[in-house]
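Participant: Each chain is listed here by its residues.
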Amino acid sequence: MATSGKITNMLPSIRFRKAGHRKKPGTAPGTIEHIGERHMDEIKITVHDYDEEQIDEIPINKIQKVQPYLDAPSKTWVQVRGLHDTEKLKSIWNFFNLHPLIQEDIVHTAQRPKVEVYDNCIFFVLRLLSYSQEEQRIKAEQISIVLGKNYVLSFQETDIDHFKPIINRLAIKGSRIRKHGTDYLTYALVDAVVDYYFNIIEHIAEDIERLEDELLKDPEDHLLTEIHKIRREIIFFRKSVWPLRDAINTAIRDESEFIHDNTKIYLRDVYDHMIQVIDNIENYRDMILGLHDMYMSHVSNKMNEVMKVLTIIATIFIPLTFVAGIYGMNFDPGASPYNMPELSWYWGYPAAMAVMAIIAVIMIFYFKRKGWF
Amino acid sequence: MATSGKITNMLPSIRFRKAGHRKKPGTAPGTIEHIGERHMDEIKITVHDYDEEQIDEIPINKIQKVQPYLDAPSKTWVQVRGLHDTEKLKSIWNFFNLHPLIQEDIVHTAQRPKVEVYDNCIFFVLRLLSYSQEEQRIKAEQISIVLGKNYVLSFQETDIDHFKPIINRLAIKGSRIRKHGTDYLTYALVDAVVDYYFNIIEHIAEDIERLEDELLKDPEDHLLTEIHKIRREIIFFRKSVWPLRDAINTAIRDESEFIHDNTKIYLRDVYDHMIQVIDNIENYRDMILGLHDMYMSHVSNKMNEVMKVLTIIATIFIPLTFVAGIYGMNFDPGASPYNMPELSWYWGYPAAMAVMAIIAVIMIFYFKRKGWF
Amino acid sequence: MATSGKITNMLPSIRFRKAGHRKKPGTAPGTIEHIGERHMDEIKITVHDYDEEQIDEIPINKIQKVQPYLDAPSKTWVQVRGLHDTEKLKSIWNFFNLHPLIQEDIVHTAQRPKVEVYDNCIFFVLRLLSYSQEEQRIKAEQISIVLGKNYVLSFQETDIDHFKPIINRLAIKGSRIRKHGTDYLTYALVDAVVDYYFNIIEHIAEDIERLEDELLKDPEDHLLTEIHKIRREIIFFRKSVWPLRDAINTAIRDESEFIHDNTKIYLRDVYDHMIQVIDNIENYRDMILGLHDMYMSHVSNKMNEVMKVLTIIATIFIPLTFVAGIYGMNFDPGASPYNMPELSWYWGYPAAMAVMAIIAVIMIFYFKRKGWF
Amino acid sequence: MATSGKITNMLPSIRFRKAGHRKKPGTAPGTIEHIGERHMDEIKITVHDYDEEQIDEIPINKIQKVQPYLDAPSKTWVQVRGLHDTEKLKSIWNFFNLHPLIQEDIVHTAQRPKVEVYDNCIFFVLRLLSYSQEEQRIKAEQISIVLGKNYVLSFQETDIDHFKPIINRLAIKGSRIRKHGTDYLTYALVDAVVDYYFNIIEHIAEDIERLEDELLKDPEDHLLTEIHKIRREIIFFRKSVWPLRDAINTAIRDESEFIHDNTKIYLRDVYDHMIQVIDNIENYRDMILGLHDMYMSHVSNKMNEVMKVLTIIATIFIPLTFVAGIYGMNFDPGASPYNMPELSWYWGYPAAMAVMAIIAVIMIFYFKRKGWF
Amino acid sequence: MATSGKITNMLPSIRFRKAGHRKKPGTAPGTIEHIGERHMDEIKITVHDYDEEQIDEIPINKIQKVQPYLDAPSKTWVQVRGLHDTEKLKSIWNFFNLHPLIQEDIVHTAQRPKVEVYDNCIFFVLRLLSYSQEEQRIKAEQISIVLGKNYVLSFQETDIDHFKPIINRLAIKGSRIRKHGTDYLTYALVDAVVDYYFNIIEHIAEDIERLEDELLKDPEDHLLTEIHKIRREIIFFRKSVWPLRDAINTAIRDESEFIHDNTKIYLRDVYDHMIQVIDNIENYRDMILGLHDMYMSHVSNKMNEVMKVLTIIATIFIPLTFVAGIYGMNFDPGASPYNMPELSWYWGYPAAMAVMAIIAVIMIFYFKRKGWF
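Chains as they are written, first to last, in my numbering: chain D, 323 to 695; chain W, 323 to 695; chain X, 323 to 695; chain A, 323 to 695; chain V, 323 to 695.
Among the clues, some could well be false.
Since copy identity is lost for identical chains, a pair holds within one copy or between any two.
[As the list claims (entries may be wrong)] Here are the simulated BS3-like pairs of lysine-lysine, each with C-alpha atoms no more than 25 Å apart in a straight line:
1) 690 x 384
2) 461 x 412
3) 387 x 436
4) 461 x 692
5) 586 x 630
6) 586 x 410
7) 690 x 366
8) 366 x 630
9) 461 x 630
10) 501 x 412
11) 384 x 486
12) 586 x 412
13) 412 x 495
14) 630 x 436
Derived from the structure by calculation, the hints contain no laboratory data.
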């Protein structure tokens, strides 16, 4: 049940290579084959069976072993990690009698987040986002949750303990999660996924803030690349988050018996959080556009400043150089009294220097009045 | 009951550090812990008990002391200031039997404005905005209001007397607020919060106007930073204000018995004001974009002007300098009759000067026709 | 009943100083105090009492004098001009038993246009816009209309005869306005206000057209300021006009008995006109953005042209000047046969000139091929 | 019945001079006066009376002569061309008992396209667009159609045979148009108008394509004006076309007996075409914005290229000229051994030339590495 | 039944020449004439008759031969390839009794994708997109599907085997497609078309990624043209894809008996894929705009850099050249002691060189402080 250590590239789609749907045109829907990277060699199944009185955490290797827990009045959460052993997955799906489209969505891990109501269950597709400091990018993992009558079935691609805090809360006797049914557990899982979004938002917020500070100090070239990077992250983030809003709304409005009204109040709360996330994204989008505008304006200002320096120096010295050039001409004073008589005037040289100085002063005065200094 | 003097940083979120939701992913909802800055050491509870005949303002230290006022037919407003003493808050919540999600929303003071209907109350989350002259920025504080059958319960983070005018009106015998029920008081509180928005709007309007005047006079560099600052303020303001519109609409459409139809007419009025606020924000947003465009255009114009000066000076003098350079060459007139015979012509120097003058005049004439002067 | 001659500043809000709502946060709604400029010293009340047979126009000074007209089966229009004598206004409001919020809206003359249905009347708030040639700006005035069972009550800030044409039509025996009820009169007033919008639209259209022509001829600096001015006018205009569309729709869908179905057909027509106005505004907005883009492009083109002239002149003459500079060097031909032997060549000078000419021709040829001429 | 030959300016509104509504504010609605240009001196009335068996085309001069055709069971299309003889129009309107607002809309020929259901008819206002090659602009003409129980009444401003193909189809015995009722004829007229839009779309598409090709070859100044012109045409086109979509939808959803369900299937088809037209417009709008962006980018690129040439030439020759200037100085070698001893070195001149060559080579190498060549 | 080998230009409309609707204004709808390019000389009809037990693939040349298959209880798919033989098409249409508008839509192959419900069938118009590597552009082909009670009728323009995978699946005994009815087959065809969109999306994604990489390395001119090309492709793609979303929704909500509820679950899945496609397009649109912004910013940066080099060189050497020019003047030292005495100073030349060096150092220091290096 050991997993390979390297869990490198959970989200190739930040580079948008995968458009989320890989089957060859015309092949059957419901084709069972995981399309993402292989993160784990084996599939891990863990049963969390609990009611108000007791809680058990049992790793099992055959799905049939879950039967006694389902038969008991206690609530059962079957946590499946890893998606590559298609045979084992099929045995799980058949055991729970899942619709072929659910099966397809679980393994084709680039689904749009959604909530779908089937006859025997509600099916959640979520996208869990986390920021990887080492790789400097957002990673995504698909979480699929099936909420049946008295069980919750969750699938994830990797072995990472995303839901550790929930397992911890389950361990606390008398906690709300122990008192409520499987629908509340489902809510807790969804809520945990949404909570992760707030981490991403803070990461983006910090990046924007840092960029803004750097921009106000000195608009360097690399900022442009960073602005572009954040812009892409926001596009990617929006794509993952927007659909979930409607999906949760679907769950709230659902009339089936899977989700109780008490739990719907909590889902409404998650829905509010989703809207808050989306509000923030939209604001960050506005802000990153504002940053790009400011960057461009700074570049313009800087070029303007460069141009001014050039113009001031050039316009002062070009006329002066011309005057010097005049008196560097070699007309022969001996050939005519009109040929450069200034050269042999007594005050010729000082006068020429004075003329140049006057020209320079006039130029400087002109630029001052223009407000170029 | 004294509060610490320093109430500095009511709104860290203008820097967007707080995305409004801080709990660790997966922890239980309804975790009771204030996430904002600590503004007060102790919690102040004040009971305003009133009917048409009498009004009492009683500071209390234990929430149980409010019982006799609730039992009486008079209307009761329990005003709670400060959010850090979780134990005391819990005693208040339990006394009024508030839903865990309400409890969470009261202390997690970065909520989206909203109105939620529960079985035993209506819950308002508002965001009170004020402009701090010293800190040159908008400050925000969360106001939570619980409207029960015969009481209003309000929570705020700081000790500031935001609702002084309402308390003053309560003191006036025969005033409308004394005649109507607790729903009207709630309306008055919401209306006061919305009124504060108009102050912010006027502040933004004045800033925009001032920037516009400065821009028309002289587009300096610092204006860019100011435009960016207002842009951010508008983004922040929108984020706080937009959700309230829908929230008030929820309250108006609500079918529960907490808000009477008479009061709904007044809420409709607040709703109109909200739309007016939003209209103004959108206009200011358009205008600040217009200002940025105008700034950029002015920068372009200025660069154009600088370029013209450079070009005029350079294109006039460069050819002249060339001519002067020609006659500064040292070809030996003795070696050949073709070697610079001009140098020893009788009118050589005056002719050279005349040629230069003609070149200059042609250039100037050309620029005039181009409309560069 | 004379009014002060100076009616200068009907619309301070074009500078957006007034955000439309002035009461101190927390003060009571329904505070009765006019917030705009004082345009008239006294309030003028004029009664227009008419039916198919007769019409009377009676100035009155006490509102009680309108009672006999209301009692008669004829239709009655009470036209009130001026909003500063609060006492007199109060007597009118009390006489007609208007809701406190209506009272507030009448005097707080920066309301959003709206239509509200009350138990005893329908209340219209309109914004009448007119273009002042002298002040070169759009002026706004609030028109409030109360449509009761058998009366129309209209309020306006100034003494201007905006509704003269309607009074003229009332004077014509057999005109449609005489045959129909007070709801038709209300429609006629609203229609007149909307008609004024078309004047503004034509004014904006003419300005845009003129700007466009000037831009195509010569993009001067002042055009930028004018484009910005029109942009602001459009923003202001939109703000005044957009809400009226929904407001009229409210009146059309209204189920109360105040507006007959026959009149609703006419209101539908006004609604169509409103949509036409809005269509036009949106188009002008697009066009002014297009003009700004074109302005910026022209500036870019112009700078490009300036740059080309500079580059052509500089790149032709700088190499030539360098060649001239070479032969201006003073290396001593006596010290070595390699020191500038060209200077004493027989064809030295003509050869140097020829070299320069060839360089110039190559340059010009190069620029021609680049398409810079 | 002859018309003046000159039908020059069917659409002044492409220059947006007419905002579509000309009556003085406050004048009565339903004022009967044509506001457009006068295209015809007299009004032409043509009756097309047809059923499956026969078809008659009868020019009449008095509308009363249409009575026998209306009484007969055959279907009747009364085609009215020209709108200036108000008396004659009135006789037609009274004969068919049209609502005053219909009358107004027929002559005020700048209406928004719309469909309105009245008690005795359905009223269509359409805008027929055609591209005039000579005047290089889009021309518009208002087509008004009144569909009554057993007649169709159409009005147009000019004498142009827009509906010739329909008249031809009417002439074919057994054609679908002969078999169906007047509602199908109305559909055919609307369909013809929509078909004209596709011509405009192709014209715009060709212009965009041509511009694009020219832009890729050489971004000249006049392209900017052309881009702006197409942008305006698209704005104008959108304004004429958008409203028709909703209008046709109104006709489809209409419950009255004027349009049979069979015909609605055809109207649904027209509706699809309208959406296709609108899709295309929106795409062209996107594309013209893209073209403008590309134009601006090309201008930037070109300026960049110009700058590079200038910079390369200037930065190579300015240092060289400086070196030449050094050795053009006249320091007296006789006064000191340190005064320009290079001038009398044996290899002085060749060495100076070599230094210059090295400087030039270094510069060129530097620019090469920068990628400027 | 052989087809011409050259199938070159399936999509002229990427150049937007065809606006999708070609009939002359006013001609009858339902005109039967294919408007696209001629791809095949003859029309190929293939019948796929299948049930759970057996499958037959029979090429037929007369549509009447399909009758026995329709009479049998098995399901029948009539696949028609080629659209130019109008006579043969008519015989097919009449055989299946298709509505004239369906007939028109089948041959006018530039329809907007749509789903329409008729009395005897549901009619799908789809647009199949594929990327042609040779021609470097997206090709489009219209697929029309008629779903009747027990048959599916599909039309396509070319002979290409787009649906080969579906035919393969039909050949597998026990496959889902064999078990379900004709509605499931229709779903499979629609799903195949949508799957092709993902190929296009991947192609666009790869192009964007490649462009982004090149841009970060070196923003060359041709990138601008490529960005523009992708922008156009996205516009074209959107136009083809957007309408299908609503169309599929129409099919899902349809109440007729043609599509069973089981199949609607699958259609809902296709609908989700469509939304995913659209999400991706919108993101790519955002990204291509971002790329254009980045390109422009890079161009600005590059120009800025060029300007800096020019300015540094010019401002350093222009003053130096001026100093050299001073001492190149020929004032006669013999005429006055004030005439250029420096020239005969002992340290004159070294001092002049030192002055120049100091000027250069100051300049360089100044630029360093400005951060230009």
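Participant: Run every hint past the structure and note whether it holds.
Facilitator: Status of the hints after comparison with the structure:
Within a single copy, residue 690 and residue 384 get their C-alpha atoms no closer than 86 Å, and across copies no closer than 68 Å, so neither meets the 25 Å cut-off. In this assembly of identical chains, residue 461 and residue 412 lie within 25 Å of each other by CA distance neither inside one copy nor across copies; the values are 27 Å within and 39 Å between. In this assembly of identical chains, the alpha carbons of residue 387 and residue 436 never lie at most 25 Å apart, being 30 Å within a copy and 47 Å across copies at closest. In the homo-oligomer, the alpha carbons of residue 461 and residue 692 never lie at most 25 Å apart, since the shortest distance is 54 Å inside one protomer and 37 Å across protomers.
In the homo-oligomer, the alpha carbons of residue 586 and residue 630 never lie at most 25 Å apart, since the shortest distance is 65 Å inside one protomer and 63 Å across protomers. In the homo-oligomer, the alpha carbons of residue 586 and residue 410 never lie at most 25 Å apart, since the shortest distance is 33 Å inside one protomer and 29 Å across protomers. For the identical chains of this complex, residue 690 and residue 366 are neighbours neither inside a copy (77 Å) nor across copies (60 Å), given an alpha-carbon limit of 25 Å. Taking identical chains as interchangeable, the C-alpha atoms of residue 366 and residue 630 are never at most 25 Å apart, the minima being 68 Å within one chain and 62 Å between chains.
With identical chains, the CA atoms of residue 461 and residue 630 are never at most 25 Å apart, being 47 Å at best within one copy and 41 Å at best between copies. Within a single copy, residue 501 and residue 412 get their C-alpha atoms only as close as 32 Å, which misses the 25 Å cut-off; across copies the closest is 21 Å, which meets it. Taking the shortest alpha-carbon separations for residue 384 and residue 486, only the intra-copy value of 23 Å comes in at or below 25 Å, while the best inter-copy value is 39 Å. Taking identical chains as interchangeable, the C-alpha atoms of residue 586 and residue 412 lie at most 25 Å apart only when they sit on different chains, with a minimum of 24 Å there against 32 Å within one chain.
For the identical chains of this complex, residue 412 and residue 495 are inter-copy neighbours only, at 21 Å across copies versus 35 Å inside a copy, given an alpha-carbon limit of 25 Å. When the C-alpha separation of residue 630 and residue 436 is checked against a cutoff of 25 Å, the pair qualifies neither within a copy, at 57 Å, nor between copies, at 53 Å.
Of the numbered hints listed earlier, those contradicted by the structure are 1, 2, 3, 4, 5, 6, 7, 8, 9, 14.
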